[in-house]
Each structure stands twice: as C-alpha cells, then as structure tokens.
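Take the sequence shown: its position 92, counted from the start at 1, is 92 in the UniProt record's numbering, and no numbers get skipped.
Everything labelled a hint here was simulated from the structure, so no lab data went into it.
Treat the hints with care, as some may be off.
Mimicking DMTMM-like on lysine to aspartate or glutamate, the simulated pairs with C-alpha atoms at most 20 angstroms apart in a straight line are [said to hold, decoys possible]:
no., residue 1, residue 2
1, 164, 137
2, 174, 220
3, 193, 161
4, 358, 421
5, 72, 89
6, 174, 204
7, 101, 55
8, 434, 325
Simulated restraints on C-beta separations [claimed, not checked]:
no., residue 1, residue 2, range
9, 428, 606, 26 to 36 angstroms
10, 48, 470, 43 to 53 angstroms
11, 66, 288, 19 to 29 angstroms
12, 121, 275, 38 to 48 angstroms
13, 241, 448, 30 to 40 angstroms
14, 243, 120, 32 to 42 angstroms
15, 376, 117, 48 to 58 angstroms
16, 66, 357, 46 to 56 angstroms
17, 166, 606, 38 to 48 angstroms
Backbone N, C-alpha and C fix where the C-beta goes; we use that ideal spot for every residue, glycine too.
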Amino acid sequence: MFRYPQTRKDDTVDTYFSNNIPDPYRWLEDDLSDETADWVDAQNAVTFDYLRAIECRDEIRLRLVHANDYVKQSSPFVRGEHTYFYRNDGLQDHAILFRSKTHRDNTDASELEIFLDPNTWSGEGTTSLDRLQFSRDDTLVAYSTSEGGSDWRTVYVIDAESGKALGDTIENVKFSGISWRGSEGFYYSTYDKPEGSELSARTEHHKLYFHRIGTAQSDDELVFGGEGDPQYRYVSGYMTEDDRFLVISGANATSGNMLYVQDLKAGTPLTCLTQDDSFDSDVIEHHDGTLILYTNLNAPMGRIVSVDATTPTQAHWQDLIPETEHELSIGTGCGYLFVSYLVDVQTQVTQYRYSGEKVRDIQLPDIGSASGFSAREQESDLFFSFTNYTTASAIYRYDPESGDVTLYRKSECVIDSARLESKQVFYTSKDGTKVPMTICYRKGITLDGSHPTILYGYGGFNISLEPSFNPNVATWIELGGIYAVANLRGGGEYGKAWHDAGTQQQKQNVFDDFFAAAEYLIDAKYTSSEKLAIRGGSNGGLLVGACMTQRPELFRVALPAVGVLDMLRYHTFTSGEGWAYDFGTSAQSQAMFEYLLGYSPVHNVKEGVAYPSTLVTTADHDDRVVPAHSYKFIAELQAKHVGENPVFIRIDVNAGHGAGMPTHKVLDSNADVYAFCFDQMGVEPRFD
Numbered sequence: 001m002f003r004y005p006q007t008r009k010d011d012t013v014d015t016y017f018s019n020n021i022p023d024p025y026r027w028l029e030d031d032l033s034d035e036t037a038d039w040v041d042a043q044n045a046v047t048f049d050y051l052r053a054i055e056c057r058d059e060i061r062l063r064l065v066h067a068n069d070y071v072k073q074s075s076p077f078v079r080g081e082h083t084y085f086y087r088n089d090g091l092q093d094h095a096i097l098f099r100s101k102t103h104r105d106n107t108d109a110s111e112l113e114i115f116l117d118p119n120t121w122s123g124e125g126t127t128s129l130d131r132l133q134f135s136r137d138d139t140l141v142a143y144s145t146s147e148g149g150s151d152w153r154t155v156y157v158i159d160a161e162s163g164k165a166l167g168d169t170i171e172n173v174k175f176s177g178i179s180w181r182g183s184e185g186f187y188y189s190t191y192d193k194p195e196g197s198e199l200s201a202r203t204e205h206h207k208l209y210f211h212r213i214g215t216a217q218s219d220d221e222l223v224f225g226g227e228g229d230p231q232y233r234y235v236s237g238y239m240t241e242d243d244r245f246l247v248i249s250g251a252n253a254t255s256g257n258m259l260y261v262q263d264l265k266a267g268t269p270l271t272c273l274t275q276d277d278s279f280d281s282d283v284i285e286h287h288d289g290t291l292i293l294y295t296n297l298n299a300p301m302g303r304i305v306s307v308d309a310t311t312p313t314q315a316h317w318q319d320l321i322p323e324t325e326h327e328l329s330i331g332t333g334c335g336y337l338f339v340s341y342l343v344d345v346q347t348q349v350t351q352y353r354y355s356g357e358k359v360r361d362i363q364l365p366d367i368g369s370a371s372g373f374s375a376r377e378q379e380s381d382l383f384f385s386f387t388n389y390t391t392a393s394a395i396y397r398y399d400p401e402s403g404d405v406t407l408y409r410k411s412e413c414v415i416d417s418a419r420l421e422s423k424q425v426f427y428t429s430k431d432g433t434k435v436p437m438t439i440c441y442r443k444g445i446t447l448d449g450s451h452p453t454i455l456y457g458y459g460g461f462n463i464s465l466e467p468s469f470n471p472n473v474a475t476w477i478e479l480g481g482i483y484a485v486a487n488l489r490g491g492g493e494y495g496k497a498w499h500d501a502g503t504q505q506q507k508q509n510v511f512d513d514f515f516a517a518a519e520y521l522i523d524a525k526y527t528s529s530e531k532l533a534i535r536g537g538s539n540g541g542l543l544v545g546a547c548m549t550q551r552p553e554l555f556r557v558a559l560p561a562v563g564v565l566d567m568l569r570y571h572t573f574t575s576g577e578g579w580a581y582d583f584g585t586s587a588q589s590q591a592m593f594e595y596l597l598g599y600s601p602v603h604n605v606k607e608g609v610a611y612p613s614t615l616v617t618t619a620d621h622d623d624r625v626v627p628a629h630s631y632k633f634i635a636e637l638q639a640k641h642v643g644e645n646p647v648f649i650r651i652d653v654n655a656g657h658g659a660g661m662p663t664h665k666v667l668d669s670n671a672d673v674y675a676f677c678f679d680q681m682g683v684e685p686r687f688d
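Model the full assembly from the supplied sequences, consistent with the hints where possible.
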C-alpha cells in the first residue's frame, strides 16, 4: 500500500431535486488558496518519487528525444514580398516562424530570417504563439500569445517589414480569432474579465470587438454582444476574403449556432440568416454576389449551399454540393472549393468550381489523412499535408489547373515506418453498432495476448480521430507496445447522427463502445486485461474515468488526462456550461441529474473496490477543464481504493489544457506515462 498525502474532507453538501450529494473535497476548487497549492506540492512529491524510481524511465525519455529530434516544417505561405513557414529544428520548445525573400522552394538557412521566435519569450518555454494573421495588404501582423497554457490570450501588432511593435496590445482575449478588415484594424472576441480566479471563474457572455490600429483597447468598438443584442456564450466574427461581408456566429453550446452577415460595402444592417440554433452553419466565402455556406441543416453529413447575398436567409438556401453518405468539410483556394470527405475515417478530397461543378477527385499519396487545402484566391497552387498512423507527415504541392500532386517536403523522421503496421477493424458494440478502430503495432507480432497495449479514445463534441503520425506513439510501438484508436460514437466520424448518439442521455453508448473495443483487443489476442491501458484527454479523460469506475477489472492501467470528472458541477466553471449539448447539466432536469450522477467519475468511486493502476494527469493553469476535476477524483480514489495498484496524480506546473505545451514538457509527460505503463504491466520495454 502507498502512503498518499492526507486530503482534508469538509461537510459541503449540495441538493439536487431533493437529493443531498456530499462534496467533501470542494475546497480543492479554490485554485488561489495556499492549502490547495500545498496539496498539489504534496501529491507531486509522492508521484514523482515513484516515477523517478522506475528503472526504464530515463531510457524511455532518451528514446522519445531521439524520435522527436528531426526538422519539422510547415507548408509555406506568401505574404507581401516574403515567403513564410514554421520550422522546429527538432527539440525546440516551439516552432520558429521564418521568412525569406527568395522563392519559396528555397529554404537554405543562409537565406532565412527569423520573423517570430516564441522560444525567446519565456525562460521555460511556457509562453506560446497562438494565432497569427496578416492584414489584407500584408503590411501589418496581429498575433496572440498564451501564458502557461491558459486560454486567456494577449494580442500584439507589429509592422510586417521591420518586425517592430506598433504598441497596440489587446489583453484578456479568450476563445477568439483575429480577422482583419483591410489594414485599419481587426475583430476579436472576449468576455468581461471575471471576478475571482481567471482560471476557474465562470464566463458567460462573449462579445465581439473591433480594434482600430493606433487606438487604445479601451476605445475598441463593441460590435456584437452588448445591450439589445442576443447574448451568446461563444461569439466569433470574421470577414470574407474580399473584405466585403462581416460574418458573425453566435452559439450557446459547442454544437449549433446562429449566423449573421452584414454587407459593409452596401452599409446594410446585420441580417440573421438562420431560424434557430439546432444545426451548424458557416459562411465559407463570397463570390460574385453569392454567399457560399456549409450547413448540416437537414443534412447530418453536411452540405454546401449558395444564396444571393442580397437575400441570404435560410429560406433561400440552395444546394450547391448536396449531402452524400460521408461527412464533409470544406476549404477554399486558388478560386476553387475543396471538399474533404471522411470515408471510414480516411480522407478523400474533391475539387469543385464555385458553380458547384466537379473538377476532379484529387489523388492522394496513400490511404490516410490529408489537410490544408486552403489558400488565397489569387494563389496559383496550394499545399497540403498527408499522414497516417505509420507515415510521418509530408507536405505536397497541388496544381489546381492540372491536378498534379508533387512532393514538396518529405519528413525527416528517424523512425523506420517500414517496421510499423496499422490495421483498421470494425467491431460490434453492445447495441449492435459497428465501430471502427485502428490498431498499430510492430510488424510480425504474434497474437498471443502478451503485448502491452494503450487503447485511446475521445467520443465527443463532433471531433473525429483521423489517422496521423505521432513520433511519441511510434516510440511506444517501437518499445514493444500496441496502440489502438477507437472511433467512438459522440465523435464526428459519421456525421451529426453519430455525434448525437453519444450525447446527454445516450452518453453510455460512448463507454459501451470503449468497453467493446477493449474486449475485441483481448478476444483477438492482441493483449489481455493485465496488459491493457486506457488513455484519453479532456472529454477523453471523462471516458477513461467513467470506464475505469464502471469496469475496473477490464483494465490494468488507467490514464485520464485533463478530464471532465465532476459531472454535477462542470458547468459552473469557466465556459463549461457550453458543453451542455454533449453532456446535459445537473440543473437541466431530475432525469438528467440522475443520469449524470450515474456515471460521474467523482461520484462513482466506490469504497473497497480495487481500481486499475491510475496516473491522473492535469495542469495547474488549465482553464478549459479546471484541475479541480482531477484533484477531487484522485482524492476519492486514494480514500476508497483497495489493493496494491498505485493511484497517483501528476500535476504540471505552468501548463494548461495542452495547446502550446513546450516540447520538453511533452517529452517528460510521455516518458512518465509509458514508464508507468510498463512498470505496472510487468513488461520490459524493447530497446532493440
């Protein structure tokens, strides 16, 4: 048995529909208290003492370092007289934005100039670059930064030619894009600064502002979200490429939105296009008096519609590219539309004219995932990246006139993809639904149930887990592990119906899909319960927490990361109430409360049960899913769990939900997770 830090209990009780629910660790929600800080230090001391003692940990980290130590470079893009691209020489904490005045095919180091280097912004790499946008004439650049992984951002403006700061600084920006209107200024979104902790206090009414260059933030124009406007939890504003139409999206949940447009050239008032927020819609572009939109209204897989810009409301929408049996997404570039279809979790891309006429199906390099089919209208070619689970991402050039695809930059990854193999299978869930899963492993393995395996899932928010290469995952495979990804309901792999089948009072479908994935891996002799770990982050952290509390005997190791684990109170933090489309809330109805209580991980840790070896991971600056979820869950586990399996929490300091995390922290975290898995499974990693 392990000696965990003592976690104080108090007598907090909440009442839901006449049900009294104790919340003894409520005090851990106070991220500003010294007591919470001391508790974090005590938990980390126990966890890291254990992790440091695992013999293979340092060697695993060296293998991860080796796997990541290669040049990673983005697609190039031209702005003004320069060609820009992001490049990480291997182990830098953040990619550097370079530029060159020479042709974009020339990336000789002697011709390059550093434009922005986030590695110089903080000593530990904890300040990261978030978004970057050039003005319409390419003379100015606005970019946003994040401190310690927080969702709160600061926007800076610089002169594109000289790189000098203009002095325009916009603070306390959250969940925002940056969209220029000409070069006079840009639109951004934020909330009023909350009272109390910025990292956990509730945020509700999102507002859209316009910042005019050379003026103070206090003088910024409130464009949408003020008195008299509809109030939304999420508001975004962006300009069409021709700088004519302002598009505003307002939403109270992560699915469904209201859509507005304003013709700034004609000076017409803001027009609401949609009748309700039961579906998703976005303006893709304006072309010759016609607005092109994506929508899943009456089309669960999505469709592209067009409408006269003078009468743009929903009643006038006409199919341009009708719905098919496959989920679609869309990009624009070089005067064309590029529609990506997700066919059994693999990308297929078709090029169309703005008239809706099909040009061609694009021949991709292989079966896998392609992304990046977007460019400015005047560009003559565009670039896309291609990857799958065993092929490191490479960049290709596409000529939209000829249809030619040519390799622009191959990956320099040192891992030998020829040693890796992936296989897609379809297994049957509890209710008979067929669910896809991809299994990745070393070639030539014997199916004898002996292999240490990580089963990864997400299953929520219409997010699709598409094939992609990750050197950290490839390292796990090279070390002798199997890595499996299950495409659970709740995701977006098969459109809106697939998503909805894993929401609210159908959320158990997601967990049942994950159980069935684990059982498939065991029955097919890839692994056994004693060699099986489950991993997921955010909504995937909820997945792991719910599954390990419902079926603790099925798994050897549980790895819930930055998880939503207190389902009765998640909506009381930051913008959490916006997740209600997927989860429902405990205040919604008695039936919804009872359903949430039935699977909420914090509330379903049972006294005297032996749970899997558990390594909860979170971060002290996570203001998306506040770390109190993880704090309360591990406190419950440490108080009630019996048996010899350790249950630890690893809390990153000066890190957030995951975006912008510096490379060294990513390597540390993966080394700890892999070492913990091998140690608890009783397996020696392969170092051949």
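To see whether the hints hold, each was checked on the structure:
no.	hint	verdict
1	164 <-> 137	17 angstroms, holds
2	174 <-> 220	16 angstroms, holds
3	193 <-> 161	34 angstroms, violated
4	358 <-> 421	35 angstroms, violated
5	72 <-> 89	6 angstroms, holds
6	174 <-> 204	12 angstroms, holds
7	101 <-> 55	50 angstroms, violated
8	434 <-> 325	16 angstroms, holds
9	428 <-> 606: 26 to 36 angstroms	29 angstroms, holds
10	48 <-> 470: 43 to 53 angstroms	25 angstroms, violated
11	66 <-> 288: 19 to 29 angstroms	53 angstroms, violated
12	121 <-> 275: 38 to 48 angstroms	46 angstroms, holds
13	241 <-> 448: 30 to 40 angstroms	57 angstroms, violated
14	243 <-> 120: 32 to 42 angstroms	33 angstroms, holds
15	376 <-> 117: 48 to 58 angstroms	25 angstroms, violated
16	66 <-> 357: 46 to 56 angstroms	49 angstroms, holds
17	166 <-> 606: 38 to 48 angstroms	59 angstroms, violated
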